[in-house]
Amino acid sequence: MELLVGILLACAFKAATLQNAVALNAALSTAGTVFCGVFVQAVPFLVLGVVVSGLIAVFVSPERLARWLPRRPAVAVLAAGVGGAALPGCECGSVPVARRLFGDGGATGAAALTFMLAAPAINPVVLVATAVAFPGAPRMVLARMGASLLTAVIIGWAWSRWGRPEWITRRLPTPGVRTESRWVVFAEAARHDFLQAASYLVLGAAAAAALHVVVPQWVFAHLAADPILGVLAMAALAVVLALCSEADAFVAASMTMVPLLPRLVFLVVGPAVDVKLFAMQAGMFGRAFAARFAPCTFVVAIASACAVGSFVLGGR
Amino acid sequence: MSRESENIVLLLVGLGILVITWSGVFVRYVKPGLLPWLVASAVLLIALALFVMACDIRRGGPRDDDHGHAHSHRAAIVWLLVIPILLLCFVKPPALRPSAAAPSVTPVSNDVLNQAFPPLPPGRAPELSLPEVLMRWAQDTNGSLTNRHITVTGFVLNEAQGVDLGRVVIICCAADAQLARIHLAGSAAAEAAGLPDNTWLRVEGQVPPRQPSSAKIPTLEATTVTRVDAPPNPYA
Chain U
0 MELLVGILLA
10 CAFKAATLQN
20 AVALNAALST
30 AGTVFCGVFV
40 QAVPFLVLGV
50 VVSGLIAVFV
60 SPERLARWLP
70 RRPAVAVLAA
80 GVGGAALPGC
90 ECGSVPVARR
100 LFGDGGATGA
110 AALTFMLAAP
120 AINPVVLVAT
130 AVAFPGAPRM
140 VLARMGASLL
150 TAVIIGWAWS
160 RWGRPEWITR
170 RLPTPGVRTE
180 SRWVVFAEAA
190 RHDFLQAASY
200 LVLGAAAAAA
210 LHVVVPQWVF
220 AHLAADPILG
230 VLAMAALAVV
240 LALCSEADAF
250 VAASMTMVPL
260 LPRLVFLVVG
270 PAVDVKLFAM
280 QAGMFGRAFA
290 ARFAPCTFVV
300 AIASACAVGS
310 FVLGGR
Chain Z
0 MSRESENIVL
10 LLVGLGILVI
20 TWSGVFVRYV
30 KPGLLPWLVA
40 SAVLLIALAL
50 FVMACDIRRG
60 GPRDDDHGHA
70 HSHRAAIVWL
80 LVIPILLLCF
90 VKPPALRPSA
100 AAPSVTPVSN
110 DVLNQAFPPL
120 PPGRAPELSL
130 PEVLMRWAQD
140 TNGSLTNRHI
150 TVTGFVLNEA
160 QGVDLGRVVI
170 ICCAADAQLA
180 RIHLAGSAAA
190 EAAGLPDNTW
200 LRVEGQVPPR
210 QPSSAKIPTL
220 EATTVTRVDA
230 PPNPYA
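Protein chains in written order, with numbering that gives the first Met the number 0: chain U, 0 to 315; chain Z, 0 to 235.
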């Protein structure tokens, strides 16, 4: 507490010095602005996410969720993927929601992970944004929805087949005495989830800002002209940029020198894996989980984007 | 970090967001349209923090479960949230400079995107944003820019082959910034050429229609050039 107050006071007194130091250094001020951009942009979605996760903590016990979901795990995963369309937000919000739904990982674990991957990519807001960004290519919307849903469902099935509960090292705090009012349960869940997710968001936003300064975007644009290298370059760019899934379609649309298929890969990988999501997943689920989940999702997302893309978009 | 400090951090994140929306600094980082959502989330965060603090005080101390070993792991990570609080409240990084934006000058140029744009607003020289000029120039089948005077605001970019008018465009937040630019030519371009980079200008002139052989960047035949203050929203 004393340390916190001390840091704040010291910075308040030195505010002018700090401002000048940052403004005079081009790399530092760019990184600072990109960091603030990613963080400020994510806050409303994160708040929406923790409000939903707080409501889940109050009203949806794991037993009740398991009763709602179809009995067969494979069908439950499919239902969760399609259900992802109901959360209109971007990926920062869906991590805490999925963590609440995940619970102890029993019957609902695979469905929660599918929901986490599907929600930011196939909700109506994102699909409309994609349609607006690609007015000349309506199949892009179809391809994005199909490939993202496919990724989410494959990962969900993979989790129910090979997932191991001991990878989940981060536990949610056990709800206190059952007599607590619903408001308290809600506030405690929202508080815990916001602090946890936002702290890791800071880590991810800092990584995105640093990469933004160190690796200029034109490097990726040059690589992307080659078809195979292009797919990998755009997938890597999606991980590095850590864009919000409601904005990435416009960025992809502006890269006119890149063929459509690599741009589809960019749109499918971005909401599923990026540096800030990796940090947030490590914080909410555990490092052992994130270290396995992110590379798997990366590979599956590229593969399903290529498969769906070559089927829907043709050779363009 | 103790539970009390965590609650203060939660409160400060909310206050920080409120401060940057109040002072207008937030347009350096995100689109102005995010304003109502930022205010709503700031109010929610502040209310949440105050509610949790009030509960703790009424209970006469923090909840028991926070003294258990189960929570020791998160003690350190919440410190990271102090970084955005300090940045937003005290450092306030400046708006992006043109060199930091991706040099993507391409207004989407697929021919499939060509469409009929609505006519320009009436008036002698209506004010258009730079990206809109680029889009109309590249895609408008009505040729709405032909033979019309327009007014465009942007900053000076001195290049080897002449002077350009530039504007940083963001779609969502500062992480996706791109640089839009138009070449300046015509009688008044010489006035702009003498100015240092990043000087804000309002330029009046005409944009000749696109020819199949045209360069990728249009040219603004400037008739008058006026120096202006930097606009409140730095991005277009």
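Derived from the structure by calculation, the hints contain no laboratory data. Keep in mind that this is a model prediction, so the values were computed, not measured. Be careful, since some hints might not be right.
[Unchecked claim] Covered by chain Z, per the in silico footprint, the following chain U stretches (three or more residues, Cβ under 8 Å):
1. 18-25
2. 32-40
3. 185-197
[Stated by the list, open to error] Label-pair restraints from in silico Cβ distances:
4. Ala22(U) <-> Arg57(Z): 43 to 53 Å
5. Ser1(Z) <-> Ala209(U): 24 to 34 Å
6. Val4(U) <-> Ala53(Z): 30 to 40 Å
7. Thr223(Z) <-> Val127(U): 24 to 34 Å
[Claimed, not checked] Here are a few chain Z residues that face chain U, going by a calculated C-beta distance under 8 Å:
8. Ser40
9. Leu49
10. Met52
11. Val90
12. Lys91
13. Ser98
14. Phe116
15. Pro117
16. Arg123
17. Trp199
Note that the Cβ used here is the ideal one computed from N, Cα and C, for glycine as well.
Violated hints, by number in ascending order, as checked against the structure: Violated: hints 6, 7, 9, 10, 14, 15, 16 and 17.
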